[in-house]
Amino acid sequence: MDQRKPEDVIRELKEHFSSIAKYLPYIAAILIVVIAVVGMIYSIGPDEVGVVQRFGKYHEITSPGLHVKIPFGVDKVTPVKVQRIFKEEFGTRTVTAGIKTIYSKQSYQDESLMLTGDLNILDVRWIVQFRVIDPAKMLFATRSPIINLRNVAEIVMRRLVGDYTVDEVLTTKREEIDAQAQLYMQELLNKYNTGLKIVTVKLLDVNPPNKVKPAFNKVNEAKQEKEQAINQAWEAYNKVIPKASGEAERTLREAEGYSLDKVNRAKGDADRFMAVLEEYRKAPDVTRKRIYIETMSEIIPMAKQKYIIAPEQTSILPLLNIGQNVKGENK
Amino acid sequence: MRILTGIIVVIVIIVAIIFFSGAIYTVPETKQAVITQFGKPVGNAITKAGLHFKKPFIQDVHFFDKRLMEWDGDSNQIPTKDKKYIWVDTTARWKIADSLKFLQTVNNEQGAHSRLDDIINSATRDIITSHLLVEAVRDSNRIVNDAIEDNKNEDTRDKVMADQALEPISTGREQLEKMILKKAGHLAPQYGIELVDVRIKRLNYVAGVREKVYDRMIAERNRAAEKYRSEGQGKKAEIDGRRGKELKSITSNAYRKAQGIKGKADSQVTKIYADAYGKDPAFYSFQKTHETYRKGIDKNSTLILTTNNDYYKYLKSSKTE
Chain A
31 MDQRKPEDVI
41 RELKEHFSSI
51 AKYLPYIAAI
61 LIVVIAVVGM
71 IYSIGPDEVG
81 VVQRFGKYHE
91 ITSPGLHVKI
101 PFGVDKVTPV
111 KVQRIFKEEF
121 GTRTVTAGIK
131 TIYSKQSYQD
141 ESLMLTGDLN
151 ILDVRWIVQF
161 RVIDPAKMLF
171 ATRSPIINLR
181 NVAEIVMRRL
191 VGDYTVDEVL
201 TTKREEIDAQ
211 AQLYMQELLN
221 KYNTGLKIVT
231 VKLLDVNPPN
241 KVKPAFNKVN
251 EAKQEKEQAI
261 NQAWEAYNKV
271 IPKASGEAER
281 TLREAEGYSL
291 DKVNRAKGDA
301 DRFMAVLEEY
311 RKAPDVTRKR
321 IYIETMSEII
331 PMAKQKYIIA
341 PEQTSILPLL
351 NIGQNVKGEN
361 K
Chain B
231 MRILTGIIVV
241 IVIIVAIIFF
251 SGAIYTVPET
261 KQAVITQFGK
271 PVGNAITKAG
281 LHFKKPFIQD
291 VHFFDKRLME
301 WDGDSNQIPT
311 KDKKYIWVDT
321 TARWKIADSL
331 KFLQTVNNEQ
341 GAHSRLDDII
351 NSATRDIITS
361 HLLVEAVRDS
371 NRIVNDAIED
381 NKNEDTRDKV
391 MADQALEPIS
401 TGREQLEKMI
411 LKKAGHLAPQ
421 YGIELVDVRI
431 KRLNYVAGVR
441 EKVYDRMIAE
451 RNRAAEKYRS
461 EGQGKKAEID
471 GRRGKELKSI
481 TSNAYRKAQG
491 IKGKADSQVT
501 KIYADAYGKD
511 PAFYSFQKTH
521 ETYRKGIDKN
531 STLILTTNND
541 YYKYLKSSKT
551 E
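Just so you know, the protein sequences line up as chains A and B, in that order.
All residue numbers for the first sequence refer to my numbering, where the first residue is 31 and numbers rise by one.
All residue numbers for the second sequence refer to my numbering, where the first residue is 231 and numbers rise by one.
For reference, chain B alone in the conformation it holds in the complex:
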């Protein structure tokens, strides 16, 4: 029993010595390490995770992150090629590719960030100033193509849009990002850094320009509002005109048809009378005249008749012919 206890105690002590002397160290998945001996780097960087050994007391381990890291730059006020002042906010992904060089040149992450500030900001400035604002804002000519397409379409013509926005672009935002990455990326390896990606995160007008843009937007909207109003009035006038025309057409057509019907009736009537009365016009005139006599004489009439007429001839003579 005593022997067993003794063995356990010895093992524990040895393990403790190994641990505390620093002969063993672990490298986690997220880290890489560089060994220095009295400050002088020894061997290659250790990038494999797990248990590792070093000489105790005389060697030091320096850990560096192995993961992809973020760099987020300050917003920069940069003029574009067409002299528009904008805030450009870039963000980048980087990692420590050569931890030994990293240790020697920038020492730590803070140092790395300050170098990245320098190279990415200057690359961004170079690229933005040599391109138009639309090239930084847009990624493709989608809008321009759509506008061309829309112009063929009656409904969407005259869509409200800033004229310069319709300029076709040859490079878009993603290409600018690639250019910045290329420009800054080839400077990074000297710091043991690999620049994986640079992106434009935010892009905004500076305050003064922003106000002007707001004013322009308001003007554009007013233009659109007026367009809708006048479209409404135009459409109204069109419908009113149509109403007038249809009204005239309906009434005049009805009049024409009615007159036609009446005329046909009149002609029929004329024919009927002519056919009938034509059989004996003299009798017709005799009879009709008599009818009118009856109608024409009333209690206000004064009749002056001579005895020459047939009716009174018997007053003059009693002869019958």
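If we strip away everything but chain A, and leave its shape as in the complex, we get:
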């Protein structure tokens, strides 16, 4: 076999080729059919719809599943995710979303710095969630729905913040701004025919600019100080007033006690006197005398020194050395 001449090889190949050439048109036809069939079938995912254009003209919208179209570029299908909710961030970017979402450290001050109605500056960050409700509009009416959405979000948020004060944006009116922003953003998106629907607008961090932050913190501290001063004052008040009330009660009770004591004693004295008086009246002279003598008999033994003198002797006094005796006792 290896001894064949080159001419033989060429001849053999020619024979082979001519037998294949016979089938060539069929092979070509089959190829075309295969390509056509492959190009005719397309599938639409569960969260999508397909927008079909025939010769560039909008034709129909197909639902999820397997579909057939005209091949060779006649029908063009663009799948659009209508179920998915998309998110755009302003003034911040999510690096990786997760249980602990990581946000970009970079600041986007161009987006986030804005003027408030009282002509101050705030760093406002927010997100907008949206989805496609009209896929045809979304594809054909505007060139870039996302750029439109981002622009609209900035236009509306800045206009709104421009109508509120620093304190309102920072604290009390956040939800009101969320709701208003959603309303006005939707209005503009509808005007531009974007086919998008805002699902929600949420303010994230709203901060004063870095340079001003310490001053804002000072206000918070001052608020705390105010509360503290008031609490301290109430503390002092509470320390004193209930105690004083108790003491007042005690004073009253003591007075009442005094009153009872005095009256009872008086009544006792009176009763005693009346009892004695009653008997006295029956025999006044004798009683008087008895009392007198009893007294004398009681007091005379008590005294240390007794001098009984006749009234005629009047010069006795110089003889008495009253003070000395007393002094002697004291020693």
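Hints were generated in silico from the structure; no laboratory data involved.
Hints are supplied without guarantee of correctness; some may be wrong.
Unchecked claim - With a straight-line Cα cutoff of 20 Å, these simulated EDC-like cross-link-like pairs (lysine to aspartate or glutamate) come out:
hint, chain 1, residue 1, chain 2, residue 2
1, B, K313, B, E441
2, A, K87, A, D140
3, B, K492, A, E286
4, B, K518, A, E328
5, A, K203, B, D376
6, A, K99, B, E259
7, A, K130, A, E118
8, B, K311, B, D356
9, B, K475, A, E279
10, A, K241, A, D140
11, A, K99, A, E118
12, A, K241, B, E441
13, A, K232, A, E119
14, B, K518, A, D315
15, B, K487, A, E284
16, B, K518, A, E324
17, A, K269, B, E468
18, B, K475, A, E277
19, B, K412, B, D505
20, B, K518, B, D505
21, A, K273, B, E476
22, A, K87, B, E476
23, B, K494, A, D291
24, A, K111, A, D164
25, B, K494, A, E286
26, B, K311, B, E404
27, B, K487, A, D291
28, B, K487, A, E279
29, B, K518, A, E308
30, B, K466, A, E257
Small disclaimer: the values here were computed from a predicted structure and weren't measured.
Given the coordinates of chain A, work out where chain B should sit on it, guided by the hints.
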């Protein structure tokens, strides 16, 4: 079989010729087209999407976008009527309304953008310079009305705010945007452009002013902080005063009531004694005096008695009266 193959081949060739010669073209939903013949426009612009025919070889198709397009201008440093320098960043929506004119006057989108730069920037400058800063920042008098409302309310009075911010405005941001749109919008049709909307996207102080604003904000905050502090001290003093007053009131009231009770008791006691002793004052005095004698004489007392007194009279005489 051979005939069939032949027919298919011929059809394919004809279709190919039609396609490749350019007699057929498709206009997608997003586009519009203008046909030119040796550079000269032919007929009206084609805005309807779908299959269209033209003369092959001699006619050219120029496609233009039919969709709403964005224009985003550079920030411009513009002084307001009250001489505040601010950066103003506008954005606009436009579309090609007359593609033929568009082709003739600006040729392509790049050309259009440069014309839009001119007309929108100048309109923005005109409008901003003829209005106050607050009119560009605010959209309504919401804050002013709120401030008036707040002033009636004790709690929110003295809210910290820049004074000029409280100036009522007659035009707000949205009106300024409308003015810019009107001014720039009527220049756009000459380029075959329809200006749909112009909006102020960003508005910021220039760097130097921004620093000053920061300083002002700090000053305002300090003012607020001091206000809270002094409010705290004031409230504290008020409570302290109240404490002092209530303390005095409680103790003095208690004293008054106690004295009243005691006085009433004393008067009662006086009456009881008077009633009892009044029955025989002489006996009372006799008896009471004797009681005091007993109490008054103790082991330190010295008694000097005369025989004249009743007790010792018997020492002088044995007479009984």
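Now for the hints, and whether the structure bears them out:
1. B:K313 to B:E441: holds, 16 Å
2. A:K87 to A:D140: Roughly 40 Å between the alpha carbons, so the hint for A:K87 and A:D140 is violated.
3. B:K492 to A:E286: Holds. B:K492 to A:E286 sits at ~7 Å (cutoff 20 Å).
4. B:K518 to A:E328: Cα-Cα ~15 Å, so holds.
5. A:K203 to B:D376: holds, 13 Å
6. A:K99 to B:E259: holds, 18 Å
7. A:K130 to A:E118: Within the cut-off at roughly 19 Å; holds.
8. B:K311 to B:D356: holds, 10 Å
9. B:K475 to A:E279: holds, 18 Å
10. A:K241 to A:D140: Distance ~16 Å between A:K241 and A:D140 Cα, so the pair holds.
11. A:K99 to A:E118: Since the Cα atoms of A:K99 and A:E118 sit roughly 34 Å apart, the hinted pair is violated (cutoff 20 Å).
12. A:K241 to B:E441: holds, 9 Å
13. A:K232 to A:E119: holds, 10 Å
14. B:K518 to A:D315: At roughly 17 Å apart (the allowed maximum being 20 Å), A:D315 and B:K518 satisfy the hint.
15. B:K487 to A:E284: Satisfied, since the Cα-Cα distance of roughly 11 Å is no more than 20 Å.
16. B:K518 to A:E324: holds, 14 Å
17. A:K269 to B:E468: With Cα atoms ~16 Å apart, A:K269 and B:E468 stay inside 20 Å; holds.
18. B:K475 to A:E277: Given that 20 Å is the threshold and the Cα spacing comes to 16 Å, the pair holds.
19. B:K412 to B:D505: Violated. B:K412 to B:D505 sits at ~111 Å, over the 20 Å cutoff.
20. B:K518 to B:D505: holds, 16 Å
21. A:K273 to B:E476: At roughly 12 Å apart (the allowed maximum being 20 Å), B:E476 and A:K273 satisfy the hint.
22. A:K87 to B:E476: Violated: A:K87 and B:E476 sit about 88 Å apart, past 20 Å.
23. B:K494 to A:D291: holds, 13 Å
24. A:K111 to A:D164: holds, 11 Å
25. B:K494 to A:E286: Between B:K494 and A:E286 the Cα gap is close to 10 Å, so the pair holds against 20 Å.
26. B:K311 to B:E404: Answer holds: B:K311 to B:E404 is near 17 Å, not above 20 Å.
27. B:K487 to A:D291: holds, 17 Å
28. B:K487 to A:E279: holds, 10 Å
29. B:K518 to A:E308: holds, 16 Å
30. B:K466 to A:E257: Holds - the C-alpha atoms of A:E257 and B:K466 are around 10 Å apart, at most 20 Å.
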